[in-house]
Structure formats: structure tokens, C-alpha cells
Amino acid sequence: MCGGSKVSMQMYGPHSLNDDGTIIPFEEQMAIVSHYLHNQGYKSAKPYENKAEGLIEDIYNVHHKTIETNCVSDVSVQYSLFSDIFSVPFLPTDNPKFTFIDLFAGIGGFRMAMQNLGGKCVFSSEWDAQAQKTYLLNYGEVPFGDITKETTKAFIPDDFDILCAGFPCQAFSLAGKRLGFEETRGTLFFDVAEIIRRKRPKAFFLENVKGLLMHDKGKTIQTILKVLREDLDYYVPDPQIVNAMNFGVPQHRERVYIVGFRKDQNVNEFTYPSPTDKTKTFADIKEEHTVSAKYYLSTQYVKTLVAHKERHAAKGNGFGYEIIPDDGVANAIVVGGMGRERNLVIDTRLEDFTPVTNIKGEINRDGLRRMTPREWARLQGFPDNFIIGVADASAYKQFGNSVAVPAIQATAEEIIKRINLSKSIQYGTKRK
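Quick note on numbering: numbering that gives the first Met the number 0 labels position 387 of the sequence shown as 386, and the sequence is numbered without any gaps.
Careful: at least some of the hints might be erroneous.
With a straight-line Cα cutoff of 20 Å, these simulated EDC-like cross-link-like pairs (lysine to aspartate or glutamate) come out [as the list claims (entries may be wrong)]:
id	residue 1	residue 2
1	216	237
2	416	158
3	45	56
Read the hints as simulated data drawn from the structure, not as lab findings.
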């Protein structure tokens, strides 16, 4: 939007207000409009329809009666503000096989996997502004913000098939004393559980760090399973740790997956997918051409890393930087400096050692560099036409926080096999 310029925007109009008279933030206005435009012609457009058409009317100062309902999207794409929504690499699926919602969406790893399987996302939520930007650039949709707010939950459509969420790991205040739904109140898992309770999807797919299984001496996962199995009455097989490196990406990334099925789906067994491809190495995702000098470490920084590792080695632990060979598998990419330092590589193709950033010392001559954001994208299974439209610092954070698409997709495929898919996702003809 706005040609890439950084512009602070706010839209005012008779439809730009909440029920209490406060102004709807611009990002939320665009979430409503973009969700509506991508869901037109489907039942899932209903929660967005009235507010979105009013906002469109405000934008163009055209009374809604002068806009034929089945031409709203045609009108919108004539304007640059909305043409971007339809000029993205990963548009919603036509003639979808099932529907899903994308909570704690990040940059859409779940969405990528589910769309690859023929699913249609009918609601997304992500509070981080930079992740929202990446999501918009790739899917043409602005995710809603804070999912803990009732005003956000109110836009979630009914009758979607699968709830997807990579929710954060949080402790429960009374763990071990009163296991149950109320105990999770105040945590983000509570909001996931509350949406499951209200909307009753056919299935859910939750992802978390593997440490969830041992968090608070196992009380956290015990409470989560109690809520899902007993309070919400879903069939939930035992959670499983799934490693991304078994599904076609060269990254040792273990995450715990929790799946569940509504009882009327008559699912009483679930088998997590077997490994599909354990052969990939860093060489398979390495940049094809020489990368910028900015990714190469300075001599001073190399000395700092070496000293840091030696100090820890003297104490008998293995902390510190690590170099991944071309025929090796990366460590888990995570947010923070050591997520990059534990995934250094040797790349001797650089010929111009002129620094392009302010560094201490000079660029090392051993070819030691960080992986690039594109290499991190590939480690998570994102295709090369996935747009990275943010600064490197944000890109590393976003890919480090994302799910590994191929592992998610393989598991989701097993879920989809077991549920009764919607027979009538559309109502009428989808509008173009």
C-alpha cells in the first residue's frame, strides 16, 4: 500500500466508528475490508459485510445504494488502495475443499500449508505490525489484531472446519490445584479454547515449542489436555513432537503438535505422519549467487564469538556459535542473536570485501557468514516467491517464530482425511 512509503493513516467517516463511538484503528478497518473482499460470495463474508461495505462507502464517499453488491470488489480493484489485495502471490483458494481460521498467524505458515491442501482461510489474527505487513504482502489480507478482545472475536465466522493456532506457552496461575477451563483464564490458550467452545470446529491443530510438555513440571500440558478433552469434549490423541527435518527441510526443529476432533466426526484414532524426506541438507537451500557483504562477519565479531565459545567450553558446556557445513542440517532457527550464530556457514564466493555497514575491524577472509533471510525462509519451507518486504531484523524474527510449512502440511493432511468436509462452502457464485 502507498507505494511502499511509510505513511501514518487513519480513515474517518460515519462507518469508521465502533459501537461506543471510538474510531476503529486503520489497521482494523483494513482487516475488515480485506477479509470481506476475499470472502465475497461465501457464507464466511457475513460477519464482515455490513461494516466493510460501510467502510468502502466512507473511502469513496459513495452511498452504498449506488454500488451494486455484486460489484463491490470490481469497484475496489479500480483503486490502488485495494488493487494490492488482489495482486499477491498467494491468493485464497478457488473452490476450496474446507475452511479454516489462522490464529497467532505470524507470517502465515499454517495458512500456506492449508492453502496448499485446498483450504480457504476465513479469518486471521496476528498482533505484530511487521508480521501483519508480511502477511498482507503475501496473502492480500490484513490480519485482525488482539484476539483477546471481544470486538475481534466477533468477526470470526461460524461453521469453519479447522482452527489453527501456534499459541504461546504460558503458565496457568493455579496449575495443579484446579485443573480446568477457568484456570486458563488470562492466558492466550484460554482465548483459543473459548473460540473452540463457541464455534465448535470439526477439528483443531495447535503447535507449540516442545518444552510445553515439561512446562511447569508437566502441569501446563495436563491442564490443556483436560480442557480440550473433558471441558470441550473433543477427541485428542496424545501430543507428539514432530521434527521438521523429517519433512523435506534441512532444519532440526522439534515442535509439539496437538490435534483434536469434534466427537460427531467419529474419529477415534489418529496417526501422525511418517517422515517423507530426510535427505535435505543446507546445500539444497543455499543462496544460488554471492550474497551481500553485510552477511559476512567482521574479524572483531569473530574474535568475540570464539572467546565466548572458549569460555563456555572451559566450563564444560557447549554454548556458542556453530558452523553448518553444506552437507549438514541447520539448528533450529529462533528469535535472538544466537539463532543466527548457531547457524553460521562458510561461503567463500565473496570477492569484494568492502564493508556495506559499520563494522569493527574488517570482513573476515574465511568466508564465515550468517544465513540470509531467504535461506531462513527456505529452512521453514516457504517458496521463493514468498515476499520478504521487511528489514532483515524483522525477517529473521518472523521466520524464527514461524512454523515449518512442510511438517504442518503433512500433519494437516492426516487431519483432513478424517473429517467430514463442508458440502456447501459457497452460497451463490463467488464474485471476482
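Results of checking the hints against the structure:
1. A distance of roughly 17 Å separates the Cα atoms of residue 216 and residue 237; the hinted pair therefore holds under the 20 Å criterion.
2. For the hint linking residue 416 to residue 158, the alpha-carbon distance of about 18 Å falls within 20 Å, and the restraint holds.
3. A hinted pair counts as satisfied when its Cα atoms are at most 20 Å apart, and residue 45 with residue 56 qualifies at roughly 17 Å.
Every hint, counting from the list given before, is met by this structure.
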